[in-house]
Every structure is written in structure tokens, then in C-alpha cells.
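The primary structure of each chain is shown beneath.
Protein chains: 2
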Amino acid sequence: MKRGLSNSASDGVSFTPLVVLELVEDTKEEAVTWLLEKIDSLEGAELLVGRLRKDSWGDDGGNPNVFVVGASRDRLLSGAEDVGLVKESNDGSMRGFTFVNRNNFKDFKGDSDEFLSVAECQYIIKHELDTLRAKEENSVPGYAKVKLYPGKSILRRLLSKGILVQVFPLHDKEELKKLSHSWYGKLRLKYQPLDEIRRYFGESLALYFGFLEYFTFALVPMALIGVPYYLFAWEDYDKYVLLALFNLVWSTVVLEVWKRCCASLAYRWGTLCRKKAFEEPRPGFHGVLGYNPVTGRQEPTFSSLRRQLRVYLVSVPFVLLCLCGSLYVMMIYFSMEEWALRLHEEEQSVWSSAGLFVPSIIYAIVIEVLNRLYRYAAEFLTEWENHRLESSYQNHLILKVLVFNFLNCFASLFYIAFVLHDMKLLRQSLATLLITSQILNQMVEAFLPFWLQKRRNTKVQKQVRRAPVELPWTEQVKLEVDMSTYLGTFDDYLELFLQFGYVSLFSCVFPLAAVLAVLNNFTEMYSDALKMCQVFKRPFSEPAANMGVWQLAFETMSVIAVITNCALIGMSPQVKSCFPDSETQLILIVVAAEHVLLAFKFILAFVIPDIPKEIQLKLARLEFESMEALKKKKMQDTKKLEKQDN
Amino acid sequence: MKRGLSNSASDGVSFTPLVVLELVEDTKEEAVTWLLEKIDSLEGAELLVGRLRKDSWGDDGGNPNVFVVGASRDRLLSGAEDVGLVKESNDGSMRGFTFVNRNNFKDFKGDSDEFLSVAECQYIIKHELDTLRAKEENSVPGYAKVKLYPGKSILRRLLSKGILVQVFPLHDKEELKKLSHSWYGKLRLKYQPLDEIRRYFGESLALYFGFLEYFTFALVPMALIGVPYYLFAWEDYDKYVLLALFNLVWSTVVLEVWKRCCASLAYRWGTLCRKKAFEEPRPGFHGVLGYNPVTGRQEPTFSSLRRQLRVYLVSVPFVLLCLCGSLYVMMIYFSMEEWALRLHEEEQSVWSSAGLFVPSIIYAIVIEVLNRLYRYAAEFLTEWENHRLESSYQNHLILKVLVFNFLNCFASLFYIAFVLHDMKLLRQSLATLLITSQILNQMVEAFLPFWLQKRRNTKVQKQVRRAPVELPWTEQVKLEVDMSTYLGTFDDYLELFLQFGYVSLFSCVFPLAAVLAVLNNFTEMYSDALKMCQVFKRPFSEPAANMGVWQLAFETMSVIAVITNCALIGMSPQVKSCFPDSETQLILIVVAAEHVLLAFKFILAFVIPDIPKEIQLKLARLEFESMEALKKKKMQDTKKLEKQDN
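Chains as they are written, first to last, in my numbering: chain A, 73 to 718; chain B, 73 to 718.
Everything labelled a hint here was simulated from the structure, so no lab data went into it.
List of simulated lysine to any residue pairs, SDA-like, C-alpha gap at most 20 angstroms:
(1) 178(A) - 340(A)
(2) 347(A) - 698(B)
(3) 603(B) - 256(B)
(4) 685(A) - 362(B)
(5) 685(A) - 348(B)
(6) 685(B) - 460(A)
(7) 690(A) - 460(B)
(8) 703(A) - 154(B)
(9) 224(B) - 692(A)
(10) 705(A) - 168(B)
(11) 704(B) - 367(A)
According to the in silico footprint, chain B covers these stretches of chain A (three or more CB under 8 angstroms from chain B):
(12) 363 to 377
(13) 658 to 664
(14) 680 to 692
C-beta: ideal position from N, C-alpha, C; glycine also.
Isolated chain A (complex conformation):
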């Protein structure tokens, strides 16, 4: 196979390594042998396994239990059908790939390898490894305590028991070079190479970059409109009303149109019409052994009532308590701020003016610490809720973290706007928060790990060079084993979500926010790309057809934005001066306007179809064809039956 990874018999491995398995250093040899036998005997599978030779680690030794896995081409094609890959067929429509009809698919040319991308191959191998199931064994050989249940995934068990350290796909140096060249090779304005990103990293990540790009472009009109407001200091609120109205329509339309773009991308990548496979329980799930009501297989079961009780009686109160705590901390900050100001006014010394910054600094640090602590608590609680599926675990975790982060970021702004009524301070705080958070994020997220990784790489490479023979791929494996693991798109989406909040919630007070966001996102695209290509282990590609719970989060934020903008406009002195006699009337008009705008927003979201017409048609055609095929088959069956009857 022509892969970017070199492939020579002298490595002790005669295939292209795709996925790395790392067992703990002191794994008992019988367990290793048993696992390898298991992989070898996988029904219908020709997975290929090789062990990293001990001498290749050089003098200081290394983990001897690192394995690489590959597969034959036919095995991968057949696996592509198992995982339900959807590919473009010769007639231009997207169809579920089947091995039997492989010649009907576009780009399938005899024995060329271009049909499946490396990421897809790695995904297939991971799927095959995950379906490695125990049969008669009761426990892992050598580990009497690690029980196995018939029909349950062995790898997940080993992973959750800590015998298996990690499973990860290898980078593909050649493709990576190409990708990084077209992605961030030249510093010039261009579209993200989404198809290439998807080919290398999978759909989930490509969708994130697609959204990042889309969102940045969508911010440009907001930014353009914001600039004159800032330059000419247009403080008349009739102009701000216009801006807020524009912002309202903008946020709704942007999110709706993104759904359509997302559907187009997902259709092109074959994830839109992909049938979801049956979801296995997540590795951490535990419970009394019972039978799954769906599959009939033996597996741990956990009463959903107990889970609900845990969620509603423990997690929800805990989250609410944390929110209250966060509000309390905020109140302390504001009183400290006041106190520092009073001190400064009394003393007027250099020290006291420096002291003005102390509360903000303390608050920023405390917030950061609280965020970390809360994150651990949220993970612990969600783990304890014992969700059966990874997806529902993720949703619960995202929701918990989202609510807390929202409050931490925006509570002080809400307080300044709606309790203190201080628009000048609001503008100041908004600018400070936005700018510092953006700078900090870029630093912590990309450049620091990049620098650390660079340092480590040089160290490892020095070690490796001392080894007797130059072994390109073993070297690569050794480098990548120690790279940090990319934990998914969670933090990246969260950052965008908070940014969306800064831009839309108080847009009519600080129109420059959109400009800052656009500038940040342009560098963000580069730093995220750098991070993915240079800093992290390659993640397994994850099929995704949309942003999932994030779409809902962004939509909720845009609803809240309507409310805050209406309130801000109602509170502005210019609007107030139009109703000098009756404040009541003003409020009633603002509230009525808000309701009308919200209704308009919901109607707009309802009227814009989620899937573009063109793709709806294509999906309908597929559906129609499969129905016709079924009908035809039925007719043939009936004819056969009739023949038999005669």
C-alpha cells in the first residue's frame, strides 16, 4: 500500500501501520499473547499486528508493549461496509458503501488506495478492535480480577481497567505536510480546506472548522456596521436601535443558514444519510449484570430512574449552588472594587492607584480557579450519573459546563448593565473581558503546547538518532506516543460560544466587539490548525452530521440576546427622553416590541427550511429508489412463490 508511512520488512512489520495500541509497561506476557491471538482470530478480519522491537527504543529503553495495527485492503473495504460508510456512487448520489457493489462507486479504481482515506481506514480499524468481544473467557489471563462478559468489548474493558493505556491513529507525514501547506502554509486570506481537513481528521473536526470559518465571515457585516459607530461615536440610541434590530435578524439568519450549510457539508461527506449504528455502552458505564432489552445481550444495567434521581436530586441542585456561589463571588468583587475606589479617593497615592487593579486581578484568578474546579466537579458528577451512552454523557457534561461558564463570563456584565445601569463601565468591562480572554486563550491553547512539543521532539529525536538503524516509522510511533491527546471540540466550541455571547448580548453598547471577534478568529483559525497538525496526537475521525447540542446552545444565546438588547435600548437615556411623562408606557412598549421580535424570530426560524431544497430532493430520490427496489424485489419474490406453488 502506498501510504505516507514508509514500509519495509526490516522494521519487523510488513504492512503499513495505521493504529497504535499501547499496553502498560508491566503487562503480564500471557495477557499480551492472549490479546494478540484475539486480534488475529477476529472473525473474517485480517487485522495485522506488529510489535515495536525493543532495541529500537535506543539505550534508555522504553515501553516494550507498543503495537501497531494495520489491515489488508479487502479487509478495510469490507470494514467500510460494517461501519456504514456512505460514498458517492457513479451516478452522483451518496449511497451506503457495500463491498459487493464496490465497482459502482466513484473513485473506486481497481486496486488503487485512494478510495478510502487514511482517516477512514483508521476509523475502520478502531471499529474492528472495539468489536473484539469476549466469548468463553471469564477474565483476562494473568488478571483474575478483570472480569469479562460474553459479548462485551474487550478493548473497552482493558481501557477502563487501565491495562490498555491508549489506542490512537498514527499521523501520516506525507499527507500532513500537504494538508498543513494548504491550510496554513502561506499567510493569506483564503477558505479553509474543509474537504482536506475532513479527509485527514474526520467530519466532526472539519465541521468545527467549517463553523469557525462560517461564523467569522458572518461576523464581517456586523463588524463593518460596528466600525462607524465606534469611529464617529454615534451615541444616539435611534441608531443603536437600528444596530440591535440588525443584530437580531442577523443572529437568527446566521444560525439558520448555518444549519443549511451544515446539511450540505454533511451530505457531501456522507454523514447526513448515514444510518446510526447501535451505540454500545461507554467504557465507564457500570451496573448490575443484566440483559439489554434491545440486543438481548448480557451487559451491566442501571435503572434509569436511579439516574434521573441522581440528575435531578444531586446534580441540578449542585449546579444551582455553584451558580449561586459564582454570583456571590461576583458580589464580593464588586464590593472590593468599590472599596479600592474609596481608598484611592481618600489617599490618592501611587500605591492606591495600583490597588485599583487588585480586585480585577484577584477576581480573574478566582474565576479561572473556580472554572477549573467546577469542570472537575462536573466531570465527576456526570461520570457518577452513570450514563449508558457516550453521547448522553457528553450532552450532560456540556450542559453543566455551559451554564456555569455562561454565568461566570456574563454575570458581571448583566450586573453592571441592569443593576448598576452604568453603560460606560459596561462598555469598558466588555472590551476588557473580550480582549483578555481572547489573548489568554490563544496563548494557552496553541502556542504554549506548540513550544513544549517542539522542545520534547528535539529531545526524543536526539535519543532516537543514537539507535543503530534509522527506522522511520518506529521513530514516528515513539514521538507520537508522548504527544498530548486532543480532547475533542468541546473547548473550541465553548470559546466560540462565549465569543458569540460577547458579540450579541450587548452589541448595541459595544459595536466594536464584532471587529475584535473577526480579528481573533482569523488568528484562531491558524492557531487551531497549527495545534491540530503539530501539537496533538492525531484523533480518530468522528462521523458527525451537525454540531449537536451546540446548535441549541447558540440558538438559546441568540434568544437571550434579543431580550438584553431590548432592555438596553429601553434603558437608554435617549429613548427614555421620548417618554418623559410615563415610564410605564415606555416599559410596556419595550416589552411588547420584545415579544413581537421574539415571535418574528421563531417564525423566521420556522420558515427557513433546515435542509437546502437541492439536498432534500437528492435524499427524496434515494428514498424513492430504495422503495422502488423493494417493490421490484417483492414482485420477484411473489413470482418465485407462484412458481413454487405450481
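Dock chain B against chain A, hints included.
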């Protein structure tokens, strides 16, 4: 076949007639012959057609072009597969029926007829007739102007050109008797026999009765809580706040729980997991001849842009104009009312006190007339919008009529509540409107047609008795040809929708509304049942898994109810007296409370799953099994291929 319809060779028809086709009296004979040949030659179909003998009409003659259609049992079973019927299989799960596996289904016992209900048989025959397609013909024989397009339904064409008067299924006297006995035979409180209704009238109608029953029971707690308020004249608004809060939670929970009930019913009836067949264009759809992008068949096409333009540039402005007109009429009514009151105060005569009622009477009449006119206009406009699918035609029509009816019914109440601030008048008007509309509806809807039908039946029966031989089913056909046609559940749902509005919008002012609604609905159940069994032609059964757009309508109403109730509470003198100094503060608190309640409502709707867990599991198991079967099939295919390769 043992069917309720008698079946004797002396009728000239040797099968059980199920469906009646009526062509216009002066149809050219060649067209009749052609149509009958067409039906006879239906591929793989053994539809049986018989013509009503001319002499059976008695002396005064009748339409000679009335045909009855039936089918053989195997034909019906095979058709059940075509229409995608879902039946309970022997292992208790619901599966798509297939002729080949017919013995795996519960209740399928050799050659018994109980497996398919008469309604299902009629639905199957209708589907077969609908799929009667033109092949080479360019026009209907004898009607050169009635063009035919290859692949298009002939019957729909004949129907839209007026050659075919009607197609309807026959009542089944025996089953009808049983059904009406268990439905409204004895005047005692009991559940609706939903399964029997569904067996006789199909899912769509059974769901309506299910909802009617569910809604009535759901109103009982509201009614019980409302009674003491009325009896003890609890006018303190702190008690009304409680009522309004209860009402809010109630309306949300009721609608969410109904979704779950509905899913259970639909699962049991096999419509929940039924695959939607490809929807053919509705008979009235016209346009330039082109190719359908989905099927590739030739059919009229109509640019969706043009339709959108018609909707947004003509229909929407027209509806808005009508709404304004309706508001204008209401304003005239209020000024007339005022004028009559002034006149009465000036004169104090018997005539002037009678004159007090004049404006209300005129207004009621005008409203009724406007409603009718608007209904025609809405139908005309929706027809003109030229929707391709019946479902989208229905949705657009429902939306138009809904908005107008909502305004007509509630605008005066809103005006009294929020402009006149007259709670006493509001209560009075609400009571008057609710009671009169309920009485009128019951009269117009059921008892009047019932009485008319009774009269006509006696007349026809007298005629028939004069005929030489007693022909039970020809007599029945003749009776039913002249019965009125049931136009679908639209008006029934509309009535419930408006009732829901009366109960929930101003519930905290008139708590007795729920009591009146409960009383009305108990009689409504009887009158609707009577109407379906005695007054109307039997409608074709319509598979439905939910209430469709009505669910959305009810949910929107419950959102509006939150807003109005909050506003009413905020306006009450008792609440106002708590904030004697600052009206502003009061309004802000009310608005904040409203937002919190709405948020709570949305979260509640989000948290309650739409499909009960039990049924989710069953659906998941089906999905899983079909995936396993696919995998198995794939393994076999691969093995076959391998054998061939060797």
C-alpha cells in the same frame, strides 16, 4: 368472505362490495368501458368491479354509472404490503407486513378474514385505484380535452375534471351496529372504544377522538379547581395567581403527555414506525409538463419560487388585511355598543333596553358571515398557491383559517381586557361567547344534519321498497351515495382549539370555563360519534401518527396563555396595591416572572421525552434486529462471492 355486507349472486355482483365509484350520469359509454378495462388489467391486481343494475333504482331512475369495487383476499393481503401496513407479529413487535412472511403475524389464521379490517381493505383498494396510471393514452376516450400523462393517476385526473363524481367506501352495517353500540349505545361514562373506532374509521379519526377524550379528562382537574373559585367568589388575586400558575404547568404537561399517549397509540396501531410512501401530487395541482426530479416521471411542474412569491406577496398581505378588517369590525361593534348604552340611558324605554342587544346580535351575525367568506377566500387562495402535496396544501389552509378564527374569537376579549381594563365585562363576554358557541356548534354540527339525514333516509327507503326485489346492498349503496361527505377532522380540531383558548387564555378571570368545557365535551363525544356513524358517508381511513400541525397550534396557544395570564395578574387591583409607589417596579416584576415561566415551560417541554421509554426500547430493538439481519445477509453474500472466486 364473511363481511357485514351481504353477498348474493342475484345482485349481479359475486363479491363483497367495498368501495363505490360514481361517474357523472352522462359519462360517455366508451369512457366507462375504458375505465373498467383499465381496472381489470391492473398489473397483478384482481380488483373486482360490478355495476349497479339500472332497474334497482326503482321507478324514478338514478345514476346508471355507479360501480362497486371489491378484491380477492390474496389481492388485499398483497396490497397491504404495498401500502406499507404495519401489523403485530407473533413475537409481539410491530413489523411491516409482507405477504411472504404472512404466517409470522399475529391474528393471521389461514383463510380467516379478521386479519385485515374492512377499513384497511378499503384503504388498500383506494390505493390500488389511485395507482391506476395512464400508459400510452393521450386522453380519456370520448373526452379529447381531458389529457392524460403517462405514469399519472387516472382517477385523480377524472376526479379533478369532474367526470368522476366521488369514490367512497361503503359502511358495514353489522360492524357499524357493534361499534355504535359500544360507542354511544348506553348513556354512561366510559372510555372511547378507540381501537374499535380505529378499526372502523382509521387512525386519523381515532386520534381525534383519542385527543377529545384525553383533553376532556385533562380538563377535569382544572374544572375541579375552578368550581370553588366560582362558588365562594374568591376574588383575591393571590388565589388567582395560584390558579394561573397551575394553569401554566397544566397546559404544558398536558400537551407533552399527549404527545406520549399519541406515540403509544400510533405504535399500537402501527403508524409510528410506518414508512411514509412517496407522496403523489394532489389532484388540483397543475403546471407546465416537466420531469419530477425525484421520480424522473413526467408530471406537471411549478416553480417553487413562484409559489413562494404567491404566498408571501399575495396570501400573507391578504390575510393581514383580513385581520385588520376584522379588527375594524370589532371597533365598530364597540362604538355601537357604547352608542346603544347612551341611547338607553337617555330614553330608558323598553325599546331602548331591547336595543342594548342589537349590537351584539349584529356583531355575531357579521362575524359568522365573515368567517364563511374568509374560509372561501382561504380555500381559493391556497388552491391558487398551487401546492404540489396535499399535506402542504392542508397545512397552509389550516394556518390561514386558524389565524383568522383566533382573531375573530379572541380579539374582542383582548380589547376588553387590555384596552378597556374591564374585568367584569371580560368575564361576562367570555361566558357568553363560550356558552353560545358551544350550543351553536352542537346544533349545527350534529343534530341538524342528523335530522335532515333521517328525513332523507325515510324518503329513499320508501322509494327503494317500491323496487321489485329486495336488494340489501344496492339499497345501501343508493342510500350512501346521497349522504353528505365528512370533510376531515379540520372543524372538529378547530372547535377544540378555540375551546382551549377560552379555557387557558383568561383562565384566571373565569375559572368556570373549564367546567363548561368538560360538560360540552361529554356531549360532544356523543354528538361526534352520532355524526360519524349516522350522518356521513364513511370516510376512507387515513393513517396518522400524530395531530400534525394541530400540536403546534395548541402549543402556540399555551405560550400565548402564559403571556395573557401574567398580564392579567399584573393588572389586577390586588397586585397593584402591593406596589402602591412604583408601577414601574410592578411591571418589571411581572415581565421578569413571565420570562422565567416561559423559560421553565420550554425546559419542561424539552425534558419530557416525546416517546415513552418503553416504546423507544421497542423501536430500538426493531432497528437493531434489522441491522443484525443486514449484517447476516452481508456475511452470506461475502461467503457466496468467495465460493464463486474459488
